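Number of protein chains: 2
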Amino acid sequence: MKDKFYQYIQDLQDTITKKLEEVDGKVAFKEDIWKRPEGGGGRTRVIENGNVFEKGGVNISGVHGELPKSMQDYFGVKDANFFACGLSLVLHPKNPMVPTVHANWRYFEMYDQKGNIVDQWFGGGQDLTPYYLFEEDAIHFHSICKITCDKHDDTLYETYKKRCDEYFWNTHRNEARGIGGLFFDYCKATASRNMNDWYNFVKEIGDSFLNSYIPIVIKRNSLAYTSKHKDWQEIRRGRYVEFNLVHDKGTLFGLRTNGRIESILMSLPPHVQWRYDHHPEKGSEEEKLVQVLKEPKTWV
Amino acid sequence: MKDKFYQYIQDLQDTITKKLEEVDGKVAFKEDIWKRPEGGGGRTRVIENGNVFEKGGVNISGVHGELPKSMQDYFGVKDANFFACGLSLVLHPKNPMVPTVHANWRYFEMYDQKGNIVDQWFGGGQDLTPYYLFEEDAIHFHSICKITCDKHDDTLYETYKKRCDEYFWNTHRNEARGIGGLFFDYCKATASRNMNDWYNFVKEIGDSFLNSYIPIVIKRNSLAYTSKHKDWQEIRRGRYVEFNLVHDKGTLFGLRTNGRIESILMSLPPHVQWRYDHHPEKGSEEEKLVQVLKEPKTWV
Chain A
3 MKDKFYQYIQ
13 DLQDTITKKL
23 EEVDGKVAFK
33 EDIWKRPEGG
43 GGRTRVIENG
53 NVFEKGGVNI
63 SGVHGELPKS
73 MQDYFGVKDA
83 NFFACGLSLV
93 LHPKNPMVPT
103 VHANWRYFEM
113 YDQKGNIVDQ
123 WFGGGQDLTP
133 YYLFEEDAIH
143 FHSICKITCD
153 KHDDTLYETY
163 KKRCDEYFWN
173 THRNEARGIG
183 GLFFDYCKAT
193 ASRNMNDWYN
203 FVKEIGDSFL
213 NSYIPIVIKR
223 NSLAYTSKHK
233 DWQEIRRGRY
243 VEFNLVHDKG
253 TLFGLRTNGR
263 IESILMSLPP
273 HVQWRYDHHP
283 EKGSEEEKLV
293 QVLKEPKTWV
Chain B
3 MKDKFYQYIQ
13 DLQDTITKKL
23 EEVDGKVAFK
33 EDIWKRPEGG
43 GGRTRVIENG
53 NVFEKGGVNI
63 SGVHGELPKS
73 MQDYFGVKDA
83 NFFACGLSLV
93 LHPKNPMVPT
103 VHANWRYFEM
113 YDQKGNIVDQ
123 WFGGGQDLTP
133 YYLFEEDAIH
143 FHSICKITCD
153 KHDDTLYETY
163 KKRCDEYFWN
173 THRNEARGIG
183 GLFFDYCKAT
193 ASRNMNDWYN
203 FVKEIGDSFL
213 NSYIPIVIKR
223 NSLAYTSKHK
233 DWQEIRRGRY
243 VEFNLVHDKG
253 TLFGLRTNGR
263 IESILMSLPP
273 HVQWRYDHHP
283 EKGSEEEKLV
293 QVLKEPKTWV
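These protein sequence lines are chains A and B, in that order. Going by this note's numbering, the first residue of the first sequence is number 3, and it counts up by one from there. Going by this note's numbering, the first residue of the second sequence is number 3, and it counts up by one from there.
Same shape as in the complex, but just chain A (with noise of 0.2 Å):
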């Protein structure tokens, strides 16, 4: 199951990075290939300064080895082994009106002294943050992740659709980072769905990310912005910031497996700003994206 979950991401890091650089139409990917010292390694793949991604990363991983002693506490195991891998990608736009996206499909295979799988699961999810909420988009993205989730089991949209909302939430800004998506862990075998279904559910998945993005980038690019726009998307992107470092799960593992650094916080965006006690004018189109991070709607 890892060497074909590997091979997957693998595929899909080149189907997703070739399909970008052509909507971007200015820059192409720059590549870093990495090894981690305790064993694995990835291939990075950041754009910048383009014509329509002001930064961004497609990046894949599989790292191995002892279990680091932080997440040992963190799984409650000892002594154990293991493999995760996946794909992270964040891509920030430059045209305030085309949302960030983000998105991670990972798998994760823990073994005893002998070598044993003792626990494997998969885990991933993807999810927008509008800067000026189209509602048409919000509900074109929960479309796909439900038509997806729907082939495999007409429960999985509202479960992952709620968990997504729940841990992508700002809790000491009581607001959500952006409208949702889809969010799933520790996706186990158990009577009625083996390794290989979940492999095939996160492969569906992977598989409809650029049709839930693409189309929108397409159509918000080509509209107009002034720097008021530019200094409100600059301003939520300090959220972004604020969430990734303080509450995010997946930057955690990263800084405690002793990951490579540059790979985990190329989700931080490129200009950034925060202004003291910063609200949105009464009835703005700014204020009316904030409102529904207040409280995550029902998109589909």
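FYI, nobody ran anything at the bench for these hints, they're computed from the structure. Warning: the hint list may mix true and false statements.
Copies of one chain are not kept apart here, so a pair can be met inside one copy or by any two copies together.
With a straight-line cut-off of 27 Å between C-alpha atoms, the simulated DSS-like cross-links for lysine-lysine are [claimed, not checked]:
#1 K284 to K32
#2 K28 to K230
#3 K71 to K251
#4 K96 to K205
#5 K96 to K232
#6 K232 to K32
#7 K284 to K37
#8 K71 to K296
#9 K221 to K80
#10 K96 to K71
#11 K28 to K232
#12 K232 to K116
#13 K96 to K230
#14 K296 to K37
Since this is a predicted model, take the numbers as computed values, not measurements.
Since chain A is already given, all that's left is putting chain B on it; use the hints.
Just chain B now, with coordinates in the frame of chain A:
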């Protein structure tokens, strides 16, 4: 003691903000008085878009009530009440030749259910974060710290300078946030030093702040800079954000005690950049700074 120290920091806030407004010459501090639902409150003063200061805050707060659960676990106590007050300041200058400064001086009391003081201590410190390194500025800042400490005990500077270097260490970047200063905590009564001695020490440190920082501001603010210098300042500010959101105990304390978010996060810089895998040019002034941050120096 709590009334005496709270009065002191109120007066010190007035002294500092008055002087900073005089130095800035363009904008005044905006004041917000706030209340904490569980007890206490604060007086936040923020400056933005000044001639000299792009953003900064000089805040005082005095909070009390039941010790929040997370803090009980942290201190290893049960059902305690507390009082905490302090002054916190962060100044982000516009000119990249002028360093950012941070300071915090605070007093903490813990009570049993009958209201008896069961523990009390002072804490605090101040540290400098330059974007371009002028060794004479580092020496000036540290000299004022040392002279002030030496009046009380000539072992204090060395101890607190070392703690400052250890505390403001961005572990995930393996570099210091800045060039240090002083950091002290849990300053409690001992056979040779009672709480009043500690009060006098902290007061002297607080009183020395303007002398340690303002001469540097005046000297460096007249230097010319380009957009390249500004970019570097904004990239380094990214490391400041990383430290404050990932590692800083003061920020976490604020979030855990239901502090006022805007007062806590006023420490975040106004304009920040993150670039993928950015490294300064070999032999440049930017590289010279990074080398000093990798290995804290003895300045005096």
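Status of the hints after comparison with the structure:
1. In this assembly of identical chains, K284 and K32 lie within 27 Å of each other by CA distance solely across copies; the values are 22 Å between and 42 Å within a copy.
2. Within a single copy, K28 and K230 get their C-alpha atoms as close as 25 Å, and across copies as close as 23 Å, so both meet the 27 Å cut-off.
3. In this assembly of identical chains, K71 and K251 lie within 27 Å of each other by CA distance both inside one copy and across copies; the values are 16 Å within and 22 Å between.
4. Within a single copy, K96 and K205 get their C-alpha atoms no closer than 29 Å, and across copies no closer than 49 Å, so neither meets the 27 Å cut-off.
5. For the homomeric pair K96 and K232, the shortest alpha-carbon distances inside one copy (9 Å) and between copies (20 Å) are both at most 27 Å.
6. Proximity of K232 and K32 under a CA criterion of 27 Å is satisfied in both settings, with 26 Å inside one chain copy and 25 Å between copies.
7. In this homomeric assembly, K284 and K37 come within 27 Å of each other (Cα to Cα) only across copies, at 24 Å, whereas the closest approach inside a single copy is 51 Å.
8. Taking the shortest alpha-carbon separations for K71 and K296, only the inter-copy value of 26 Å comes in at or below 27 Å, while the best intra-copy value is 37 Å.
9. Within a single copy, K221 and K80 get their C-alpha atoms no closer than 51 Å, and across copies no closer than 57 Å, so neither meets the 27 Å cut-off.
10. For a Cα distance limit of 27 Å, the shortest separation of K96 from K71 qualifies neither inside one copy, at 40 Å, nor across copies, at 43 Å.
11. In this assembly of identical chains, K28 and K232 lie within 27 Å of each other by CA distance both inside one copy and across copies; the values are 21 Å within and 26 Å between.
12. In this assembly of identical chains, K232 and K116 lie within 27 Å of each other by CA distance neither inside one copy nor across copies; the values are 55 Å within and 55 Å between.
13. Taking identical chains as interchangeable, the C-alpha atoms of K96 and K230 lie at most 27 Å apart whether they share a chain (14 Å) or sit on different chains (21 Å).
14. Taking CA atoms no more than 27 Å apart as the test, K296 paired with K37 passes between copies only; the shortest distance there is 23 Å, against 41 Å inside one copy.
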